[in-house]
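Engineer: This is what each chain is made of:
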Amino acid sequence: MIVEIIILSVLMLAALWTVMTRSILRSAIGLAFVSVMLTYIMFRLSSPIAAVFELSVCTGLISVVFISTITLTFPLSKEEVLQHMKERLSRFWYLPLILILVGLAFSLAQVKLNLTLPPPEVEQDVRNVLWKLRPFDLAGQVIMLLTGVYGVLILFRQVRKK
Amino acid sequence: MLSLFIILPLLSLMVINLLPKELMKKIGTLMSLILPLAQMLVVVFIFLGILDIRPGPADHFFKFNLAIDNISLVMLFSIAIVILVTLLVERHLIPDADERFNFLNLVLITFTGMNGIVLVQDLFSLYVFLEITTVATFILISFHKKRDALEGAFKYIILSALATVGILSSIALIFLISGDTSFAVVHQALQNSRHAFLIDFALAIFLGSLFIKGGLVPFHGWLADAYSSAGRAISILLAGIVTKTLGVYTLIRLVSSVFGFDTEVKGVLMFIGALSIIIGAFAALGQHDFKRLLAYSSISQVGYIILSLGCGTPLGIAAAVFHLFNHAIFKSLLFVNSAALELQTGTRHMDKMGGLAQKMPITGVTSLLASLSTAGMPPLSGFWSKLLIVMALWFSGHFAYAIIAVLASVLTLGYMLSLQNRVFFGKLRPELENVKEASFGLLFPMIILAGIIVGVGALFPFILNSLIFPIIIK
Chain A
172 MIVEIIILSV LMLAALWTVM TRSILRSAIG LAFVSVMLTY IMFRLSSPIA
222 AVFELSVCTG LISVVFISTI TLTFPLSKEE VLQHMKERLS RFWYLPLILI
272 LVGLAFSLAQ VKLNLTLPPP EVEQDVRNVL WKLRPFDLAG QVIMLLTGVY
322 GVLILFRQVR KK
Chain B
3 MLSLFIILPL LSLMVINLLP KELMKKIGTL MSLILPLAQM LVVVFIFLGI
53 LDIRPGPADH FFKFNLAIDN ISLVMLFSIA IVILVTLLVE RHLIPDADER
103 FNFLNLVLIT FTGMNGIVLV QDLFSLYVFL EITTVATFIL ISFHKKRDAL
153 EGAFKYIILS ALATVGILSS IALIFLISGD TSFAVVHQAL QNSRHAFLID
203 FALAIFLGSL FIKGGLVPFH GWLADAYSSA GRAISILLAG IVTKTLGVYT
253 LIRLVSSVFG FDTEVKGVLM FIGALSIIIG AFAALGQHDF KRLLAYSSIS
303 QVGYIILSLG CGTPLGIAAA VFHLFNHAIF KSLLFVNSAA LELQTGTRHM
353 DKMGGLAQKM PITGVTSLLA SLSTAGMPPL SGFWSKLLIV MALWFSGHFA
403 YAIIAVLASV LTLGYMLSLQ NRVFFGKLRP ELENVKEASF GLLFPMIILA
453 GIIVGVGALF PFILNSLIFP IIIK
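Protein chains in written order, with my numbering: chain A, 172 to 333; chain B, 3 to 476.
Do not take every clue at face value.
Restraint-style ranges between C-beta atoms, simulated for each label pair [to be verified]: (1) B:353 - A:301: 49 to 59 Å; (2) A:197 - B:284: 39 to 49 Å; (3) B:27 - A:223: 33 to 43 Å; (4) B:36 - A:238: 29 to 39 Å; (5) A:328 - B:36: 45 to 55 Å; (6) A:220 - B:43: 38 to 48 Å; (7) A:257 - B:100: 30 to 40 Å; (8) A:281 - B:13: 53 to 63 Å; (9) A:324 - B:401: 51 to 61 Å; (10) A:219 - B:50: 15 to 25 Å; (11) A:256 - B:148: 18 to 28 Å; (12) A:257 - B:97: 34 to 44 Å; (13) A:214 - B:401: 54 to 64 Å.
Please keep in mind that the hints were generated in silico from the structure rather than gathered at the bench.
No residue lacks a Cβ here, since even glycine has one placed at the ideal position from N, Cα and C.
Only chain A is shown next, with the shape it has when bound in the complex (with noise of 0.2 Å):
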């Protein structure tokens, strides 16, 4: 237990680190570490195929996205890095208080929604899931991919040209 609020604590500073850096090169390694703290999440809650998916999606073809974005666009400058970020922490000093206001509620109030159920009998094996009982969803979701691949070409080429 003490394990999993340890992995769940890094997974959230991890998550936070992502969405707040103001380089998107340390984003992508942030998002990759949330991924990898995920899958390890994942696999101790005995869902290893769910675990692989993490693993391979986030950490691997995400990180091609991301890479595409970082060569097809230009960094910020220093000043209006600084610019950004004080305006961002006025807009949303707020947000943390709530999530600590949250967080505190739900601890006062004991909350035990006794959400345990057996798990469903699933084939525990990747290869049979992949290829031979979702080949379809497999296809879908290349295409998404490919769809986000393509969106940074578009959205972004035109910026490195000019």
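Place chain B on chain A using the hints.
Structural biologist: Coordinates of chain B only, in the frame set by chain A:
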């Protein structure tokens, strides 16, 4: 056979990207026009029973879990019409050949995604196709890379990401209960499960997420910005069919075929529907920008669809589907009108227009027809669907909601007539003296869509017998 609805747009996408790009920039759109036309024909043939829909080799290979019924047929037909109109006007609204080529690719991806949403019979596959369409839509909104378009796309991304998390969490919970994600198994499992709290929780998240995707009040924050800031051709696609397929059709399909109508679901749907009708109509009344007015009008009209669905009766579902079709047609027409006006006058601000019916008579007449149909004036198509909605509400004992629906129609008439008055009637402003009617490329789709509005209104008895009654009986 059904898998062709998904495979063919994808194949076209591959073909236009594999053949020489310079050639495809010239004839790609023309080639792609065949797709929506063929889809319309195939839908009509299936509807008439001329064409067989037995599973083919592709269905077996990909293990496609697809099915079709009258609701799907109406949606496939609506998707094909709006895609056809978008491709017809594309050449006139996007002058740059490179941009046009990119736009065509994205339209084909959206086409694939929407057809997938309509045909799949599995929750996870539905999620995959929802995301394909959503990702293509983000790119389409920010396509021209203008500041307000990027802001609109960003709002859409953030809210849509929330909806995505909600849908995925809900599917995970449902999978936990049912052990499967196919519609039939989930439906059975939800009926027999003892985990009432968990089911209600999953349902609440799913419905909330679809309300975001459909732009319903109070999750409508992104819609007006996205519709108004997107490019002209993109707005037609977005307002005409994309959000209706992503949010509204999915809601109709899941509630009527998977989740079922219990008292809470009906209550939530009707409340959100009524709220959207009223807030959308009042917000539309205060607008000065043509496209923003149409965006708020969309929220209000989608409210009618959800209100009707909330009746939970077969008549309510049939009326919702019929209004969804009508809305796709008249809203697409109004957005084509808006594109033509912006192109010819250089503005979308209605207070800077006036008396344009003299200069743009066809745009004026078609816009008037679409406006009156939106307001539910007889004998146009919108009148019949609104009449069915009010009847469904009245017969199911929801008298207060029926009265709200009727009174809101008066509001709709108010803002639509105000639009007509400010743009097309009155004295022509001196600076608009040199304005000319839109080109034939824009007028042609306007005439087709206006013809459908009048035709559906005139042929309503036939449509009632052949399309609406079968939905009710099923």
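Engineer: Take the C-beta atom of residue 197 (chain A) and the C-beta atom of residue 284 (chain B), compute their distance, and say whether it sits inside 39 to 49 Å.
Structural biologist: About 45 Å separates the Cβ atoms of residue 197 (chain A) and residue 284 (chain B), which means 39 to 49 Å holds.
Engineer: With respect to the beta-carbon atoms only, verify the hint that residue 324 (chain A) and residue 401 (chain B) lie 51 to 61 Å apart.
Structural biologist: For residue 324 (chain A) and residue 401 (chain B) the Cβ distance comes to about 55 Å; the hint holds.
Engineer: With respect to the beta-carbon atoms only, verify the hint that residue 281 (chain A) and residue 13 (chain B) lie 53 to 63 Å apart.
Structural biologist: 57 Å, holds
Engineer: I want to verify a distance hint. Is the separation of the beta carbons of residue 219 (chain A) and residue 50 (chain B) within 15 to 25 Å?
Structural biologist: This hint is violated: roughly 50 Å between Cβ atoms.
Engineer: So the hint says 34 to 44 Å: do the beta-carbon atoms of residue 257 (chain A) and residue 97 (chain B) match that?
Structural biologist: 40 Å, holds
Engineer: Residue 214 (chain A) and residue 401 (chain B), beta-carbon distance inside 54 to 64 Å?
Structural biologist: 56 Å, holds
Engineer: Against the range 18 to 28 Å, how does the distance between the Cβ atoms of residue 256 (chain A) and residue 148 (chain B) compare: consistent or not?
Structural biologist: 25 Å, holds
Engineer: Given the hint of 29 to 39 Å, check if residue 36 (chain B) and residue 238 (chain A) actually sit that far apart at their C-beta atoms.
Structural biologist: 37 Å, holds
Engineer: Does the beta carbon distance between residue 257 (chain A) and residue 100 (chain B) stay inside 30 to 40 Å, or does it fall outside?
Structural biologist: About 38 Å separates the Cβ atoms of residue 257 (chain A) and residue 100 (chain B), which means 30 to 40 Å holds.
Engineer: Holds or violated: 45 to 55 Å for the Cβ distance of residue 328 (chain A) and residue 36 (chain B)?
Structural biologist: For residue 328 (chain A) and residue 36 (chain B) the Cβ distance comes to about 29 Å; the hint is violated.
Engineer: Kindly confirm whether 38 to 48 Å is satisfied by the beta carbon distance between residue 220 (chain A) and residue 43 (chain B).
Structural biologist: Since the Cβ atoms of residue 220 (chain A) and residue 43 (chain B) sit about 42 Å apart, the hinted range of 38 to 48 Å holds.
Engineer: Given a hint of 33 to 43 Å, does the C-beta separation of residue 27 (chain B) and residue 223 (chain A) actually sit inside it?
Structural biologist: 41 Å, holds
Hints 5, 10 from the earlier list are contradicted by this structure; the remaining hints agree with it.
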